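Engineer: Residues per chain, in single letters:
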Amino acid sequence: MIEASHVTKRFRSVTAVDDLSFQLAQSESLALWGSNGAGKTTLIRCLLGIFPFQGSISINGIDVRRRGKQARATVGYVPQELAFHDDARLGSSILFFAGLRRADRHAAARSLDAVGLLGHEKKRVRDLSGGMKQRLALAIALIADPPIIVLDEPTSNLDASGRGEVVQTLCRLRDKGKTLVFASHRPDEVITLAQKVLVMERGKLLEETTPEQLWPKDDRVQTIRLHISMGTDEAAAEVLRDAGLAVNLNGHGLCVSVPRNRKAEPVSVLARASIEVRDFEILDDVSETAEQSGGAPK
Amino acid sequence: MTTLANTSPMRGIHLSRVASVVAFARREFRDAISSRWFLLYTVAFTVLAVAVSFMSLAGSGSQGFAGFGRTTAGLLNLIMLVVPLMALNAGAGTIAGERERGTLLYLLAQPISRVELLLGKYLGLAAALCGSLFVGFGLSAAVLAWRAGSVGLTAYAMLVAFTCALALAMLSVGILLSVLSRRSGVATGLGLFAWLILVFLSDLGLMAGTILFKLRVQEVFAIGIANPLQAFKMAVIVNMNASLDVLGPVGMYASQTYGQALPWILAAVLAVWTIVPLVAALILFNKRGSV
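Heads up: the sequence lines are chains A and B, in that order.
Start counting the first sequence at 8; every next residue gets the next number (my numbering).
Start counting the second sequence at 3; every next residue gets the next number (my numbering).
Bound-form chain B, shown alone:
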């Protein structure tokens, strides 16, 4: 049997915490990659990403920028639809699913804390999600590099990085919904509702609000980037070295007002969307004491 006899008590406690988190993360990763839904999302994303790459190339001859640049632009809308759905779904099932199966009680009866359990699950799912995205992006990049060289690769790499950030943010929201729900069906339903709001309804609401309340451009910008999907979209467009003018007066205002700081501001928005729901989930899971 392993012991921590040769380590100081505090170091032993820290090691024990890390070991518990790692144990949960490994199991969650294994469970996620063997789940049918997860495999389906991965295959769907990969097929669509590769298809977008081929379509981008077909319309551009073999110019490098056209290869990665057009693919990045083409993938943007696909990512905004698929990745939040995938991450929200994965997060929503985790705690509520364990609760429904009755396994949560059994896990909590082990010498672990609720924080370790939730953090381990988050990290395991995050690794599985990012791994799944890397498969899709990797195959798509391979096709592009083979047919069109590596021009525009930096913007593509930034797209991958921001997509992972978006996935982590949506995963946090999904886990928060999971903590709040007693049944996995309810959590998944809430996840779908959140996806609908973020993908479709928030844009419509913003448009309606702008007309109804005659919002100023800075207010529209502030409300717009509060939606992580909009922050993601702007960040990717900025990183493609493209002008935000395509987004109209709001884009122009953002470019002129924030300049070089804009990508950092947008990255910070995604970081907030990752940290705040996760911390809220940790606090609620710890406080409620429910199994």
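Chain A on its own, in the form it takes in the complex:
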């Protein structure tokens, strides 16, 4: 269904994606895993044919570089940064995108219903919460019922409950046979949703694996978000990495993935390096919620 071969994307002297290849069959779900700057978002933009790149990507046999428009017709996209016209109403926004995807009003209404936004059409986009905007983006992605859904950190702007809702919606889509490609920095989401994981670092594919291999079930990890003094993020991330911990430093803070029985370890590692941890929070394990509702990967 998706075949990427030797994909390379350079921005002047920076190589954002470096000779990356993978294949994904129909109804499979693939997670792109890696820290900031790993090339996940760039790879997604190449997949959509938005960026010119070297190498080749085909979606359902359609060459993305040559027939990007036709390829994109088979893909629903949910971006990392939600960008809608704030003054527009939710109803007119979705109808505009329905027009671009040759879908009618009924399809737009069905799509809104699927994400629980039916009845909110009169609201202006600027009045929607982050979670509602995320659901609107998902509704737009689903309008024309595309076989592939591509999501770039779909839960990064959401609170715990919003995150759980989105992950459950994605579980349902995956179970209906949709092919999912998503970037994430949350192990729980990857464990819940993905069958394959591409581990990326500085544009290179480090390994193609499965969530089970990356985080063995007996040693499942929990994500801890650390609140540390301003300006020490980078140094803290370096110290934690040196201690062998999986660190993700992004716009939302410093997140560390640790085995469930070693949650205090990042704090003590940083204390030894004289970096003060002001507070920490244990992020909700979406996989538990999804597993309880029957959403674990098949």
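Hint data in this document are derived by calculation from the structure and do not stem from the laboratory.
Bear in mind that the values here come from a model prediction, so they are computed numbers and not experimental data.
Check before you lean on any hint, since a few could be wrong.
What the hints assert, rightly or not - Incomplete in silico selection of chain A near chain B, CB under 8 Å: (1) Ile-57; (2) Pro-59; (3) Gly-106.
Glycine residues also receive a C-beta, built at the ideal position from the N, C-alpha and C atoms.
Given the coordinates of chain A, assemble chain B onto it according to the supplied hints.
Structural biologist: Frame of chain A; chain B shown alone:
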């Protein structure tokens, strides 16, 4: 869900292209007419156009020609100041604004091409601009028809047509600047700079060049009409059945050399200013691959 199952594949592709362009044009038109800046320009242009009509009538009794003819002459300078500014500003904000808000990436992730997006935006803004001009000209014409009859209406209609052509040309330039800029502030700044050059600096430059390089009259004419605003001004004066002698030796040279072909030559200049920047914008937007 709509399908194109009953149409041939090529016809389906064409229909899909047209539908995408129309979808963008409709949205751009809606966004433009609800924008505060656009409304401000429309109101300002309308008020000034109606004021010029009243002033023309006040100085001429109720003679028809004096009504439309004097108003056309009076509006000429107003148009040369306001319309390019309005069109350059509208064009400059479009792609750079989408880029800055992050909406461009999202739009390009849809099953559309960059050409469809840009063309749709151009047509939507063109419709909004022309609509805005029709409001101003329409009210002004209503005042004139009520007070002074319809003599001189043809020249006035030609003024409206050439003003729309000027607006379309300036819109193309604005969109080209928008494609070249990463931020809407930069694009708007470039638009203002282009407006300054076309409205003020090019005339001064031409005068200085004529003296410094002792340019011949045909060279001054050629350089002069390269500026779309000068081409517009000459076209309107010619269509008022007025002599180009008011423009001095260059006007006399143009009248004697090109005669009846002159309005067409000037219209062609405006067409070139519409097509070339728009095509350049389409090529650059397509080639650069930037979001």
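Engineer: Now look at each hint and say whether the structure bears it out.
Structural biologist: Hint-by-hint comparison with the structure:
Because the closest C-beta pair between A/Ile-57 and chain B is about 5 Å apart, less than 8 Å, the hint holds. Hint on A/Pro-59 holds. Least Cβ distance to chain B is approximately 4 Å, under the 8 Å limit. At about 4 Å, the closest approach between the beta carbon of A/Gly-106 and any beta carbon in chain B falls short of 8 Å, and the interface hint on this residue holds.
Hint compliance for this structure: no hint is broken.
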